[in-house]
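Based on the hints, put chains W, G and V in the right spot on chain B.
Number of protein chains: 4
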Amino acid sequence: MLNINSFGIIGGDKRQLFCARSAADDGFGVFLAGFGKCENTLGLKNTDIKTAVENADALIFPLPISKDGETVNAPFADKPILFGELKERIKKDQPVFCGMNGKLGSDALSGLKTFCYSSREEFAAANAVPTAEGAIEIAMHEYAGTLSGSDVLIIGYGKIGRVLSMMLRGIGARVSVSARQLKDLELIKAAGMNAEHTARIRGRYDIIFNTVPALILDSRTLAKCASDALVIDLASLPGGADDKAAERMSIKVIHALSLPGKAAPKTAGIIIKNAVYNIIEEEDL
Amino acid sequence: MLNINSFGIIGGDKRQLFCARSAADDGFGVFLAGFGKCENTLGLKNTDIKTAVENADALIFPLPISKDGETVNAPFADKPILFGELKERIKKDQPVFCGMNGKLGSDALSGLKTFCYSSREEFAAANAVPTAEGAIEIAMHEYAGTLSGSDVLIIGYGKIGRVLSMMLRGIGARVSVSARQLKDLELIKAAGMNAEHTARIRGRYDIIFNTVPALILDSRTLAKCASDALVIDLASLPGGADDKAAERMSIKVIHALSLPGKAAPKTAGIIIKNAVYNIIEEEDL
Amino acid sequence: MLNINSFGIIGGDKRQLFCARSAADDGFGVFLAGFGKCENTLGLKNTDIKTAVENADALIFPLPISKDGETVNAPFADKPILFGELKERIKKDQPVFCGMNGKLGSDALSGLKTFCYSSREEFAAANAVPTAEGAIEIAMHEYAGTLSGSDVLIIGYGKIGRVLSMMLRGIGARVSVSARQLKDLELIKAAGMNAEHTARIRGRYDIIFNTVPALILDSRTLAKCASDALVIDLASLPGGADDKAAERMSIKVIHALSLPGKAAPKTAGIIIKNAVYNIIEEEDL
Amino acid sequence: MLNINSFGIIGGDKRQLFCARSAADDGFGVFLAGFGKCENTLGLKNTDIKTAVENADALIFPLPISKDGETVNAPFADKPILFGELKERIKKDQPVFCGMNGKLGSDALSGLKTFCYSSREEFAAANAVPTAEGAIEIAMHEYAGTLSGSDVLIIGYGKIGRVLSMMLRGIGARVSVSARQLKDLELIKAAGMNAEHTARIRGRYDIIFNTVPALILDSRTLAKCASDALVIDLASLPGGADDKAAERMSIKVIHALSLPGKAAPKTAGIIIKNAVYNIIEEEDL
Chain B
1 MLNINSFGII GGDKRQLFCA RSAADDGFGV FLAGFGKCEN TLGLKNTDIK
51 TAVENADALI FPLPISKDGE TVNAPFADKP ILFGELKERI KKDQPVFCGM
101 NGKLGSDALS GLKTFCYSSR EEFAAANAVP TAEGAIEIAM HEYAGTLSGS
151 DVLIIGYGKI GRVLSMMLRG IGARVSVSAR QLKDLELIKA AGMNAEHTAR
201 IRGRYDIIFN TVPALILDSR TLAKCASDAL VIDLASLPGG ADDKAAERMS
251 IKVIHALSLP GKAAPKTAGI IIKNAVYNII EEEDL
Chain W
286 MLNINSFGII GGDKRQLFCA RSAADDGFGV FLAGFGKCEN TLGLKNTDIK
336 TAVENADALI FPLPISKDGE TVNAPFADKP ILFGELKERI KKDQPVFCGM
386 NGKLGSDALS GLKTFCYSSR EEFAAANAVP TAEGAIEIAM HEYAGTLSGS
436 DVLIIGYGKI GRVLSMMLRG IGARVSVSAR QLKDLELIKA AGMNAEHTAR
486 IRGRYDIIFN TVPALILDSR TLAKCASDAL VIDLASLPGG ADDKAAERMS
536 IKVIHALSLP GKAAPKTAGI IIKNAVYNII EEEDL
Chain G
571 MLNINSFGII GGDKRQLFCA RSAADDGFGV FLAGFGKCEN TLGLKNTDIK
621 TAVENADALI FPLPISKDGE TVNAPFADKP ILFGELKERI KKDQPVFCGM
671 NGKLGSDALS GLKTFCYSSR EEFAAANAVP TAEGAIEIAM HEYAGTLSGS
721 DVLIIGYGKI GRVLSMMLRG IGARVSVSAR QLKDLELIKA AGMNAEHTAR
771 IRGRYDIIFN TVPALILDSR TLAKCASDAL VIDLASLPGG ADDKAAERMS
821 IKVIHALSLP GKAAPKTAGI IIKNAVYNII EEEDL
Chain V
856 MLNINSFGII GGDKRQLFCA RSAADDGFGV FLAGFGKCEN TLGLKNTDIK
906 TAVENADALI FPLPISKDGE TVNAPFADKP ILFGELKERI KKDQPVFCGM
956 NGKLGSDALS GLKTFCYSSR EEFAAANAVP TAEGAIEIAM HEYAGTLSGS
1006 DVLIIGYGKI GRVLSMMLRG IGARVSVSAR QLKDLELIKA AGMNAEHTAR
1056 IRGRYDIIFN TVPALILDSR TLAKCASDAL VIDLASLPGG ADDKAAERMS
1106 IKVIHALSLP GKAAPKTAGI IIKNAVYNII EEEDL
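Chains as they are written, first to last, in the numbering used here: chain B, 1 to 285; chain W, 286 to 570; chain G, 571 to 855; chain V, 856 to 1140.
FYI, nobody ran anything at the bench for these hints, they're computed from the structure. Heads up, the beta-carbon is just placed ideally off N, CA and C, and yes, glycines get one too. Keep in mind that the hints are not guaranteed to be accurate.
Residues from chain G that face chain W, not an exhaustive set, calculated with beta carbons under 7 Å [stated by the list, open to error]:
#, residue
1, E692
2, A695
3, A696
4, K753
For lysine-lysine, the following DSBU-like pairs were computed, each having C-alpha atoms within a straight-line distance of at most 30 Å [stated by the list, open to error]:
#, chain 1, residue 1, chain 2, residue 2
5, V, K1038, B, K113
6, G, K753, W, K474
7, W, K398, G, K615
8, W, K364, W, K398
9, B, K244, B, K189
10, G, K615, V, K1079
11, W, K547, B, K262
12, B, K252, W, K330
13, V, K968, B, K183
14, B, K45, W, K537
15, G, K759, B, K224
Okay, chain B solo, but in the shape it has when bound (with noise of 0.2 Å):
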């Protein structure tokens, strides 16, 4: 990190503006663009986009990118920020550090030294806490119980699953996870949680959190282990829930969606500030 001494945050949520106070706080230079509209921007000065990109040793944009595929995803600037005008002004050897830019036309970066941080293992790690707790904090405002002493199912024992089942277990909460691999079961059980096979679910459950982007719920299903049960899924769109039989059965299914970004911008900035000093320190920038 000899070389990159100032970060140009470019648009963004309340995420970036955390990165960039936590990049601060390490002794970074912050150059943030985009905020122009944003009340409180934590201490930071908004500038304007030419005085960031031409300051900032690198550049740090949101997650995602863009949603319209033409301009910055910036819900607190002034004005829409073209990624046409933007191009010219970025050096070519400057890093731009960018977050799930599938949307993105491919030549809307073309040429330039671009790094995801959205698609680093490490990244999507960090983001199972806050998606686990902000899929718990949804449980806890729907369900007219407490979580401690409920019965409640987690469907998949992949990061999120791991995550979640631990802190639903240290709430009280009587936690089963269902999984498909015989090892998956075995560590289930080892964490002191009873293992369910995902393709015959058999207890029945007063919360199901589904993190498997698969159709695991459906009718038969919901009505043998679901029928009285909140569900909560974590599970990209449409989700593991057959949502008409779930209408049908007054089973109430929430499509909980990106989480960290709603339940805990703070973590989820740091996570990005994170992801970008590890490509960073890899790529020895």
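Leaving out everything else, chains W, G and V in the frame of chain B:
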């Protein structure tokens, strides 16, 4: 419980509804009154006061039983339920269970066979769970980071402090608990948490939960340990923080009271039911 | 602690050695006596009684202070340390800290400025930790399966019950705790464990830990809930089980007493030191 | 499992005995052979090899199947069980389950229908539990203090690292875990523990558990982080520590291998049985 086969649930909020539902699920006859304006009565039929009092073997009143001293606390009732009229209908040997009847004039229920469920020790212990979860839900909602990894302090190691600290540790927070007795300080450490003496709090915290009804967080203590903190005050008013000093320092203090009914009415209702059952068993009613 | 700058540690087992070591690490002068036959004195020099008593500002005696009423409990001493001779050397205003001096004749230390550290509440609380770990070590050693996944019962929810149940749950056992008070039953459930009433234990267990000094495990209860169980009895003799009935039923009962000194002499010694410090502070010595 | 109604358990230690007992409890016929010198066979009858092989639908051999390459590993057998004689009796289509048959000559079981249970992933996952408990029992036995409150490091966050760290945290230790992958470092933090990079361990510890079969604890690392530590090395020989350097520094290193069979033969036996069942189901035997 040989002589009591049915309950009249008179007034109250959703807690009483869940109390009624749970008693009905246990096989008791249930006569619900004072829920005329409630849209979803969990499959139970609302009836009039007269029917409920005449047919039920015992009556359960809400918590608190009254807010004005003259009418039953019945937010869902079509019209006010006056104690004066009610008292004439209740038989002298008909058990009446009620909670927190301090605000009620001394003759409002005089001559009746009343039992207070809310002053019981196990009632307070059981309510520590929905109180702790309600506090955690507020913290998750208000705090911009995750509880996991944050530095939290719980002031007081009574029932709520014990449950709340265990849950927060289970979520992954770095938990400190303050107490005054050396014995409690040892038990805090034994539970794997950091112990602070309440009179001389030394750490700096992201979130502080106060459970002690005394001025602990005076301006000096706030400045030292809470300058960036969110304070969630669970102690009855005026609470444990110098609110004016906190405001001057831009420290957010949230007074979170009566959490069980707000955060988990189902659990709170079942706790009322269990306390009533315990009285029936102890008193051999 | 302005007036006490050195301690004489007179007799005792490894606990006293660790107590001495820890006090020396805190900066106190330490005069060790009665450890002539101890091979490893943790870098401390053993001296004679006369030197220790004459030079130390205060004296610390072991737990128990005596086993025969006439000599100090000093298993590592070259020769018996008689209270008669000792008493003449101790100054009237020289603080003497000792533990469990019940077995000592009433005049053995009469006229001296004695303080008992072992009767203090925080001393008992702190010792719950080495006691619980000692009990777990025995269970791991004796039980042919893993504690993780086994059904364990802890009888009693006092200090030891609280710490032991938390640890066993942390290891992954299915933990039930029995108590008599309704309040405790609620706190047990709040901690995510199964609650049993001590007077009517209903489950069947792999391992039972008793902490209550009363006959709980009579032959009928043993037959019902412990027929395949290992019983670890932590209560002082005669303990909480009908040993003869257990023998008839081939139920193994292990009386596990004085665990802190056996399982974790270092921790036990530091607990003695801390209790002495607390007395010094409270008494302003 | 339609075709297999009985098992022949040939040789092995207590694990095989518990495996046999558990299969018998599940309703299978069990023919035990090679346990003539075992005093307590858990109510099962020992028979001769001929009877066992001829009557059982399938055979289960121990782990490891042989220590010398010529005879079955059978410490309780009256006389050596030679593979040469054995092989003639076993039918070509009689399923043979065995573990870790690397040391066995390639023709010892050639031509037979063999299945290895010990190379299965869920077998390793399940054995993480008795391994972790065995390691904790050793630590409790060897360490003079309590694990609760001690600073422990687990090197490696694979199956054993995950289970062991969770248990140690549950007991109240201050747990650090080291790993190399950024993803694992995040998951360690998400589990409420301190993360260290294996290549640059910075803390100082009371107890270090190594699970990685590579030289991590070289003399420099030992000097820095383990000078007062107890090292429990769970990795296969030569383990992860420089034993000679440790000896020079008076650091105690304990090589703790094959823990499941030693610490929890019952659990280890049931894990063998479960792996055999899984093979039968997968292979449709």
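Outcome of the hint check:
1. E692: holds (4 Å)
2. A695: For A695/G, the interface hint holds, since the closest Cβ of chain W sits about 4 Å away, which is under 7 Å.
3. A696: At 4 Å from the nearest chain W Cβ, A696/G passes the 7 Å test, so the hint holds.
4. K753: Hint holds; K753/G Cβ to chain W Cβ min 4 Å, cut 7 Å.
5. K1038/V / K113/B: holds (24 Å)
6. K753/G / K474/W: holds (23 Å)
7. K398/W / K615/G: violated (74 Å)
8. K364/W / K398/W: Holds, because 26 Å separates the two Cα atoms, which is no more than 30 Å.
9. K244/B / K189/B: violated (33 Å)
10. K615/G / K1079/V: holds (28 Å)
11. K547/W / K262/B: holds (23 Å)
12. K252/B / K330/W: holds (24 Å)
13. K968/V / K183/B: holds (24 Å)
14. K45/B / K537/W: holds (24 Å)
15. K759/G / K224/B: holds (27 Å)
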